[in-house]
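Colleague: Each chain is listed here by its residues.
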Amino acid sequence: MTRTAHVPPAAAAYLADLRGELGDLEASEREELLEDVVASLVDATDAGEQTPVARLGTPAQFAAELRAAAGLRPREAAAAPGGGSWARLRSRGRALLDGPQVRSGLRVARELAPLWWLARAYVLLMVAARMLEQDFSVRYPFLPLLPDATGTAFWAAVVVAASLAAGVWTRLRPARGRVATAVVLANLALLAAAVPVAEHDIRADAPALGTVRVLQAPPAGVTRSATSGGRNAGLTFRGKDLRNVFAYDRTGRLVPDVRLYDAFGHPLDIPAGGSRRRLLRGADGRELGNTYPIRLAAPGTGRTLPAGRGALGTRISPIPRGAALVAPVRSGFERFCSDNPGACPARP
Amino acid sequence: MSLDRSQLLRGTLDAAVLAVVAQDDGYGYDVVRRLRAAGLEDVGDASVYGTLRRLYRGGALTSYVQPSDEGPHRRYYGITEYGLVTLAGARVVWAEFSARIDQLLDVHPEVSA
Numbered sequence: 001m002t003r004t005a006h007v008p009p010a011a012a013a014y015l016a017d018l019r020g021e022l023g024d025l026e027a028s029e030r031e032e033l034l035e036d037v038v039a040s041l042v043d044a045t046d047a048g049e050q051t052p053v054a055r056l057g058t059p060a061q062f063a064a065e066l067r068a069a070a071g072l073r074p075r076e077a078a079a080a081p082g083g084g085s086w087a088r089l090r091s092r093g094r095a096l097l098d099g100p101q102v103r104s105g106l107r108v109a110r111e112l113a114p115l116w117w118l119a120r121a122y123v124l125l126m127v128a129a130r131m132l133e134q135d136f137s138v139r140y141p142f143l144p145l146l147p148d149a150t151g152t153a154f155w156a157a158v159v160v161a162a163s164l165a166a167g168v169w170t171r172l173r174p175a176r177g178r179v180a181t182a183v184v185l186a187n188l189a190l191l192a193a194a195v196p197v198a199e200h201d202i203r204a205d206a207p208a209l210g211t212v213r214v215l216q217a218p219p220a221g222v223t224r225s226a227t228s229g230g231r232n233a234g235l236t237f238r239g240k241d242l243r244n245v246f247a248y249d250r251t252g253r254l255v256p257d258v259r260l261y262d263a264f265g266h267p268l269d270i271p272a273g274g275s276r277r278r279l280l281r282g283a284d285g286r287e288l289g290n291t292y293p294i295r296l297a298a299p300g301t302g303r304t305l306p307a308g309r310g311a312l313g314t315r316i317s318p319i320p321r322g323a324a325l326v327a328p329v330r331s332g333f334e335r336f337c338s339d340n341p342g343a344c345p346a347r348p
Numbered sequence: 001m002s003l004d005r006s007q008l009l010r011g012t013l014d015a016a017v018l019a020v021v022a023q024d025d026g027y028g029y030d031v032v033r034r035l036r037a038a039g040l041e042d043v044g045d046a047s048v049y050g051t052l053r054r055l056y057r058g059g060a061l062t063s064y065v066q067p068s069d070e071g072p073h074r075r076y077y078g079i080t081e082y083g084l085v086t087l088a089g090a091r092v093v094w095a096e097f098s099a100r101i102d103q104l105l106d107v108h109p110e111v112s113a
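Protein sequence lines, in the order shown, are assigned to chains A and B. Quick note: the first sequence uses the UniProt record's numbering, first residue 1, plus one each step. Quick note: the second sequence uses the UniProt record's numbering, first residue 1, plus one each step.
Because the hints were derived from the structure by calculation, they are not lab data. Check each hint, because a few of them may be wrong.
What the hints assert, rightly or not - Some chain A residues near chain B, calculated using beta-carbon distances under 8 Å:
1. L33
2. D36
3. A39
As the list claims (entries may be wrong) - If you anchor each label on the Cβ, the simulated ranges turn out as follows:
4. B:Q66 to A:A60: 36 to 44 Å
5. B:Q7 to A:W86: 52 to 60 Å
6. A:L97 to B:A99: 29 to 37 Å
7. A:A166 to B:S98: 57 to 65 Å
8. A:G93 to B:Q7: 48 to 56 Å
9. B:A99 to A:W86: 47 to 55 Å
10. B:G59 to A:L89: 48 to 56 Å
11. B:E81 to A:L185: 54 to 62 Å
12. B:A99 to A:L106: 28 to 36 Å
As the list claims (entries may be wrong) - The following residues of chain A were derived to be distant from chain B, with all beta-carbon distances above 12 Å:
13. G93
14. A162
15. P256
Cβ coordinates follow ideal geometry from the N, Cα and C atoms, glycine included.
Using the sequences and the hints, build the whole thing.
Modeller: Next up, the structure:
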């Protein structure tokens, strides 16, 4: 074994890396090769020369040159003695990563790294907001509230600063070994976490279902009736209170925000849903309690949930064209005969 | 320049290392320093160590360990009989080869004229 007791720390670290690079060689061969390097490193340090890397190149470069000069197999070939498909794939992948396009692409990515650090901070904030079941801004649904705008600004500043600091830190002191693996894994986890975050943002960007639209003012007469009549006791069907009403058009599509009135212009209200009910307002600011289907807001978000299972659970088939039928009118005699089959003469 | 020094060095490093060790036994870094002192400043440490190991495995060099009180022990390389024969062969090849190249490149016009 190589004695490293007299080796200065920088040289010892270099030797350790080099030993790793030559890990596939037979132990005795490797250690004898390293003996030459140890002497070289010690002499160079004694003479006050440059750092090992500045003088000898990186351990990987040094090992490659050493192998070439010594007539040893390159590492990749050594790793695949039986032509293992995994090792071959790995060496091919490494060759691909060494390509000029990949290299320049990586360089650009490296220069743009601060953007990634910002994105990382955002994903972290979003993940935290979702895990803590925090709300999101109603106006800007892609912004979490932790727990309000001030808190969000504070935590955003903290996380962005931490992310930037971590980025700069790993730039200055590249992680090695297990730490490097942990860093890679953490970044992969963040990348995976970015998927639901992106999904959230894309959905938030779509026409907001919960946005309260301002409708045209109801006709003057209706407003008067509503004012005079106020809220009624609700709608009933076959003696049961209705909780909701779903209107479908001829093609079978659910029609949103249908406003129902009786023959006298009274709005047909259902007093249901409580404070979570999404209420539309007329141009005069008055709440319109007769719009259907009734929809509820998701707790704490101000965003409206879909119209519920109700009629949505069943398939409303479209009405075929020209299917309108006028029912044949039965005469009183015919009705009497069908109700009292024995009383009428049998037909031919 | 179309002539690459590192390429030339690669082809002649075996002979250069044998020649240095033939003068006097030496350990790896010592051989590197002597090559550089002889004018081959761009010779790489790793190339020399690799070459030493290959020549040693091939039987042109012998090696022994010299314990050291102050630093790590050093592995010295010395030339073997076989190494001397190899070096002599290399001298012949080089003399002949370099003469041909000299002629082609017209390095000594007064001789060839």
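Colleague: Confirm or reject each hint.
Modeller: Evaluated hints:
1. Of the supplied interface hints, the one on L33 of chain A holds, with its beta-carbon coming within about 6 Å of a beta-carbon of chain B, less than 8 Å.
2. Satisfaction of the interface hint for D36 of chain A is found here, the shortest Cβ-Cβ separation to chain B being roughly 3 Å, below the 8 Å cut-off.
3. A least Cβ separation of about 5 Å between A39 of chain A and chain B falls short of the 8 Å threshold, and the interface hint therefore holds.
4. About 30 Å separates the C-beta atoms of Q66 of chain B and A60 of chain A, a value inconsistent with the hinted range of 36 to 44 Å.
5. Taken as a hint, the range 52 to 60 Å is violated for the pair Q7 of chain B and W86 of chain A, whose Cβ atoms sit roughly 35 Å apart.
6. At roughly 47 Å, the beta carbons of L97 of chain A and A99 of chain B sit outside the given window of 29 to 37 Å.
7. Here the CB-CB span from A166 of chain A to S98 of chain B is close to 59 Å, well matched to the stated 57 to 65 Å.
8. Distance hint check for G93 of chain A and Q7 of chain B: the Cβ-Cβ separation is about 30 Å, which falls outside the suggested range of 48 to 56 Å.
9. Distance hint check: the CB atoms of A99 of chain B and W86 of chain A are about 53 Å apart, consistent with the given range 47 to 55 Å.
10. Evaluation of the 48 to 56 Å hint for G59 of chain B and L89 of chain A yields a failure: the beta carbon distance comes to about 39 Å.
11. Under the hint 54 to 62 Å, the C-beta atoms of E81 of chain B and L185 of chain A, about 58 Å apart, fit the expected range.
12. Distance hint for A99 of chain B and L106 of chain A: a CB-CB separation of about 49 Å, inconsistent with the stated range 28 to 36 Å.
13. The claim that G93 of chain A lies off the interface holds: its Cβ sits roughly 26 Å from the closest Cβ of chain B, which is beyond the 12 Å cut-off.
14. Distance to chain B confirms A162 of chain A as a non-interface residue, since its nearest Cβ pair spans about 41 Å, more than 12 Å.
15. The claim that P256 of chain A lies off the interface holds: its Cβ sits roughly 75 Å from the closest Cβ of chain B, which is beyond the 12 Å cut-off.
Against the hints set out earlier in the document, violations occur for numbers 4, 5, 6, 8, 10, 12.
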